[in-house]
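Engineer: Sequence:
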Amino acid sequence: MSTAPQPASIQALLDRADDYARRGDPKAAMSFYQAALKGAQGGYADPRTLERLRSAQAFVQGRANEFQQSLDAAVADFRPEDAPAQIRLTHALQMLRGERSIYPQQPAVFYYPYLAQRQYFEREEFDWVPEIEAATPAIREELLALVNQGADFRPYVE
Numbered sequence: 000m001s002t003a004p005q006p007a008s009i010q011a012l013l014d015r016a017d018d019y020a021r022r023g024d025p026k027a028a029m030s031f032y033q034a035a036l037k038g039a040q041g042g043y044a045d046p047r048t049l050e051r052l053r054s055a056q057a058f059v060q061g062r063a064n065e066f067q068q069s070l071d072a073a074v075a076d077f078r079p080e081d082a083p084a085q086i087r088l089t090h091a092l093q094m095l096r097g098e099r100s101i102y103p104q105q106p107a108v109f110y111y112p113y114l115a116q117r118q119y120f121e122r123e124e125f126d127w128v129p130e131i132e133a134a135t136p137a138i139r140e141e142l143l144a145l146v147n148q149g150a151d152f153r154p155y156v157e
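For the sequence shown, numbering that gives the first Met the number 0 begins at 0 and goes up steadily by one.
Watch out, some of these pointers could steer you wrong.
To be verified - Pairs of lysine to any residue residues, derived as SDA-like cross-links and limited to a Cα-Cα distance of at most 20 Å, are as follows:
#, residue 1, residue 2
1, K26, A11
2, K37, Q68
3, K26, R47
4, K37, R22
5, K37, L52
6, K37, G97
7, K37, S8
8, K37, L49
9, K26, Q68
10, K26, A134
11, K37, A72
12, K37, R47
13, K37, S69
14, K26, G42
15, K26, P83
16, K26, R87
17, K37, A11
18, K26, D14
19, K37, F58
20, K26, D76
21, K37, Q56
22, K37, A57
23, K26, V59
24, K37, R53
25, K37, A63
26, K26, Q56
27, K26, S69
28, K26, R62
29, K26, Q10
30, K37, R15
31, K26, G61
32, K26, R53
33, K37, Y19
34, K26, L52
35, K37, G61
36, K26, F58
37, K26, A44
38, K37, R96
39, K37, D14
No wet-lab data here; the hints were simulated from the structure.
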């Protein structure tokens, strides 16, 4: 038995959303429109329902645009004093808008709790980087020697 919402339940969600929208409660309407849109994904919708789903999508997009405008206005004049705080704010807003992904740690073997959730670390945070970079020619020569010998070399990351 399928757990996907049936057309009647999608109609009920749309009816409920329309009712909230008429009564001036866009927040509640948004919730029901989003549920209807999610439930209708990948399923058949008759032409009337399809039109209602398009209207629901327009409503949801309109509310998202309004939220984005109000958020932009709220932070327009806010500038953290230090660069790292400004970067964090910019990235947070990008994640909120769906323009940036979140990269939680996903270890294959051992989860080490409370590590900072960061996409990349800055090279300046590692005092050993210049030493490794200085050794690049020697590392390259070692690699080329292995490749020329026909060694079964596979990169760790492909």
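Engineer: Decide, hint by hint, whether the structure agrees.
Structural biologist: These are the hints, each one checked on the structure:
1. With a CA separation close to 17 Å, the supplied pair K26 and A11 stays within the 20 Å bound.
2. A distance of roughly 25 Å separates the Cα atoms of K37 and Q68; the hinted pair therefore is violated under the 20 Å criterion.
3. Only pairs whose Cα atoms come within 20 Å are accepted, and K26 paired with R47 is rejected, the gap being roughly 24 Å.
4. Only pairs whose Cα atoms come within 20 Å are accepted, and K37 paired with R22 is rejected, the gap being roughly 23 Å.
5. Proposed proximity of K37 and L52 is supported: the alpha carbons are some 10 Å apart, at most 20 Å.
6. Of the supplied pair hints, the one linking K37 and G97 holds, its CA atoms being roughly 17 Å apart against a limit of 20 Å.
7. Of the pairs offered as hints, the one joining K37 and S8 holds, with about 12 Å between alpha carbons and a cut-off of 20 Å not exceeded.
8. With a CA separation close to 13 Å, the supplied pair K37 and L49 stays within the 20 Å bound.
9. In summary, the hint linking K26 to Q68 is supported, as the alpha carbons are separated by about 16 Å, within the 20 Å threshold.
10. About 59 Å separates the Cα atoms of K26 and A134, which puts this hinted pair outside 20 Å; it is violated.
11. As the CA atoms of K37 and A72 are separated by approximately 30 Å, the hinted pair breaks the 20 Å bound.
12. Taken as a hint, the K37 and R47 pair is honoured in the structure, with Cα atoms around 17 Å apart against an allowance of 20 Å.
13. As the CA atoms of K37 and S69 are separated by approximately 25 Å, the hinted pair breaks the 20 Å bound.
14. The hinted pair formed by K26 and G42 fails the criterion: a straight-line CA distance of about 26 Å is larger than 20 Å.
15. Taking the CA atoms of K26 and P83, the gap is about 34 Å. The hint is violated against a cut of 20 Å.
16. With a C-alpha separation of about 28 Å, the suggested pair K26 and R87 falls outside the 20 Å cut-off, and the hint is violated.
17. Taking the CA atoms of K37 and A11, the gap is near 14 Å; set against the 20 Å cutoff, the hint holds.
18. Straight-line distance between C-alpha atoms of K26 and D14 comes to about 15 Å, which keeps the hinted pair within the 20 Å bound.
19. Between K37 and F58 the CA atoms are separated by roughly 14 Å; this keeps the pair inside 20 Å, and the hint holds.
20. About 27 Å separates the Cα atoms of K26 and D76, which puts this hinted pair outside 20 Å; it is violated.
21. For the suggested pair K37 and Q56, the alpha carbons sit about 10 Å apart, so the restraint of at most 20 Å is met.
22. A threshold of 20 Å between alpha carbons decides the hint, and for K37 with A57 the separation of about 14 Å falls inside it, so the pair holds.
23. Among the hinted pairs, K26 with V59 is consistent with the structure: their alpha-carbon atoms are about 10 Å apart, no more than 20 Å.
24. The hinted pair formed by K37 and R53 meets the criterion: a straight-line CA distance of about 13 Å does not exceed 20 Å.
25. Restraint check for K37 and A63: satisfied, since their Cα atoms lie roughly 16 Å apart, inside the 20 Å limit.
26. For the given pair, K26 sits about 14 Å from Q56 by alpha-carbon distance, which is consistent with the 20 Å threshold.
27. Annotation: proposed proximity of K26 to S69 holds, straight-line Cα distance about 15 Å (limit 20 Å).
28. A distance of roughly 9 Å separates the Cα atoms of K26 and R62; the hinted pair therefore holds under the 20 Å criterion.
29. Annotation: proposed proximity of K26 to Q10 holds, straight-line Cα distance about 19 Å (limit 20 Å).
30. As the CA atoms of K37 and R15 are separated by approximately 15 Å, the hinted pair is consistent with the 20 Å bound.
31. Taking the CA atoms of K26 and G61, the gap is near 12 Å; set against the 20 Å cutoff, the hint holds.
32. Straight-line distance between C-alpha atoms of K26 and R53 comes to about 18 Å, which keeps the hinted pair within the 20 Å bound.
33. Straight-line distance between C-alpha atoms of K37 and Y19 comes to about 18 Å, which keeps the hinted pair within the 20 Å bound.
34. Only pairs whose Cα atoms come within 20 Å are accepted, and K26 paired with L52 is accepted, the gap being roughly 17 Å.
35. Distance hint between K37 and G61 is fulfilled; the C-alpha atoms sit about 17 Å from each other, no more than 20 Å.
36. Taking the CA atoms of K26 and F58, the gap is about 11 Å. The hint holds against a cut of 20 Å.
37. Taking the CA atoms of K26 and A44, the gap is about 25 Å. The hint is violated against a cut of 20 Å.
38. Restraint check: the Cα-Cα separation between K37 and R96 comes to about 19 Å, which is no more than 20 Å; the hinted pair holds.
39. The straight-line distance between the Cα atoms of K37 and D14 is roughly 15 Å, inside the 20 Å bound, and the hint therefore holds.
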